[in-house]
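*Asks:* Chain residues, written in single-letter form:
Protein chains: 2
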Amino acid sequence: MTTRWLTPEEQRAWRAYIAASLLLEDAIDRQLQQDAGMPHLYYSILSVLSESPERRLRMTDLAERLKITRSRLTYAVTRLEKDGLLRREACRYDKRGSIAALTDEGFAMLERAAPGHVDTVRSFLFDRLSEEQVGQLEEISAAIAQGLQEDGARPTADEVPWRRRSSPTCS
Amino acid sequence: MTTRWLTPEEQRAWRAYIAASLLLEDAIDRQLQQDAGMPHLYYSILSVLSESPERRLRMTDLAERLKITRSRLTYAVTRLEKDGLLRREACRYDKRGSIAALTDEGFAMLERAAPGHVDTVRSFLFDRLSEEQVGQLEEISAAIAQGLQEDGARPTADEVPWRRRSSPTCS
DNA sequence: TAGGTTTGTTTCAAACTTGAACCAAGCCCG
DNA sequence: CGGGCTTGGTTCAAGTTTGAAACAAACCTA
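Chains as they are written, first to last, in the numbering used here: chain A, 1 to 171; chain B, 1001 to 1171.
Please note that the accuracy of each hint is not assured.
[As the list claims (entries may be wrong)] Some but not every residue of chain A turned toward chain B, in silico, with C-beta under 7 Å:
1. Tyr17
2. Gln136
3. Leu137
4. Ala142
[As the list claims (entries may be wrong)] Output of the computed footprint for chain B on chain A, the stretches with three or more beta carbons under 8 Å from beta carbons of chain B:
5. 4–10
6. 79–89
7. 116–124
[Unchecked claim] Listed next, with one range per pair, are the computed distances between beta-carbon atoms:
8. Thr1078/B - Thr69/A: 47 to 53 Å
9. Gln11/A - Glu1150/B: 38 to 44 Å
10. Asp104/A - Glu1139/B: 23 to 29 Å
11. Ala90/A - Ser1098/B: 51 to 57 Å
Because the hints were derived from the structure by calculation, they are not lab data.
Just so we're clear, the structure is a prediction, and the values are computed from it rather than from any experiment.
For glycine and all other residues, C-beta sits at the position ideal for the given N, C-alpha and C.
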């Protein structure tokens, strides 16, 4: 079958999207690096932890929520642990498991950095969009993410949504 | 002034967006790495070059179109040059300048890789969106990008849009 | 036209990411 | 029980990105 190339509209959308996502991630990374000394992903790790029961989560669950590989998470957590912002704990129920737990220092850092971060997201993203567009963005993103989660994005034959095992947090 | 936190709608949109952009870039990177042996950015460099007059562009212009730093571009171009996919040429009009020129081999590689890449973008992005959503995505992206280009995203006091100097390609 | 500033590009070290390989520990089933 | 397969996590080398510093050529301007 012969390739179906992108229409001009799709071309424009694709390029605009690429540019926007690069610029946005860049701006956010820069702000957080400046004000909190860490890139966006690392901030997100702390943020997700802070909202989890007991402020702790198993590595795999954390990686899944953040949509990153375990390997990448391991590296990040090692750094954050070195900085004292979180601590690794053993999992009582599964001796293979390790749990990332936000420290008080980590929580404090988050509280300190959050306002600046939110301001940035607001001024670069939400201040530019109408309320309607915010809704559209969510739907579009959800559609994309959904497509990428289920099928062969990260090909693991048996990782089917209705069979999620979602191990308990061990909390 | 006290921080204006994100509304629940904004929260959802933000998280969905982060997840989608991570997953999408990941999938595209993986496909291109597999099929063309290079990450998405590197493919984009070749692609932009292929559409430029004489298939060549000055480093700074290239960096500007791709929304990346010159430093990052230098590294990428060095690698691509090593692979024989492009060549660096001196700029006749400005001895500081250097020009990246797509080689025939680079163009051939692009022709070989393009169908697979387009398929991927289509199946992970455009096949999931209605025609309307494609338009919305473009507008949203354009709005974001615009905000990030003009003001202090990359703070260079005199880099004001109406004073763009956009040096000629030396072609 | 010399000297200072700006612009175009590269370099360098430190940080981060990737993917494959590895090592346990759980699980399964004879 | 006792292998063999799966799962949770880390490790390692190679590749990439970052930001600041270095350099050189071009552009003032007095």
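*Asks:* None of the hints should be skipped; say for each whether it holds.
*Replies:* Here is what the structure says about each hint:
Using the Cβ-Cβ criterion of 7 Å, the hint placing tyrosine 17/A at the interface with chain B is satisfied: the shortest such distance is roughly 5 Å. Taking 7 Å as the C-beta contact cut-off toward chain B, the hint placing glutamine 136/A at the interface holds, the least distance being around 4 Å. Hint on leucine 137/A holds. Least Cβ distance to chain B is approximately 5 Å, under the 7 Å limit. About 5 Å separates the beta-carbon of alanine 142/A from the nearest beta-carbon of chain B, less than 7 Å, and the hint is met.
Residues of the segment 4–10 of chain A with a Cβ under 8 Å from some Cβ of chain B number 5, which satisfies the need for three, so the listed coverage holds. Under the rule that three or more residues need a Cβ within less than 8 Å of chain B, the assignment of the segment 79–89 of chain A is violated, with 0 such residues. Coverage of a stretch by a chain is defined here by at least three residues with a beta carbon nearer than 8 Å to that chain's beta carbons; for the segment 116–124 of chain A and chain B the count is 6, and the condition holds. Under the hint 47 to 53 Å, the C-beta atoms of threonine 1078/B and threonine 69/A, about 27 Å apart, miss the expected range.
Here the CB-CB span from glutamine 11/A to glutamate 1150/B is close to 24 Å, at odds with the stated 38 to 44 Å. Checking the proposed 23 to 29 Å range against aspartate 104/A and glutamate 1139/B shows it is violated: the Cβ atoms sit about 44 Å from each other. Distance hint for alanine 90/A and serine 1098/B: a CB-CB separation of about 54 Å, consistent with the stated range 51 to 57 Å.
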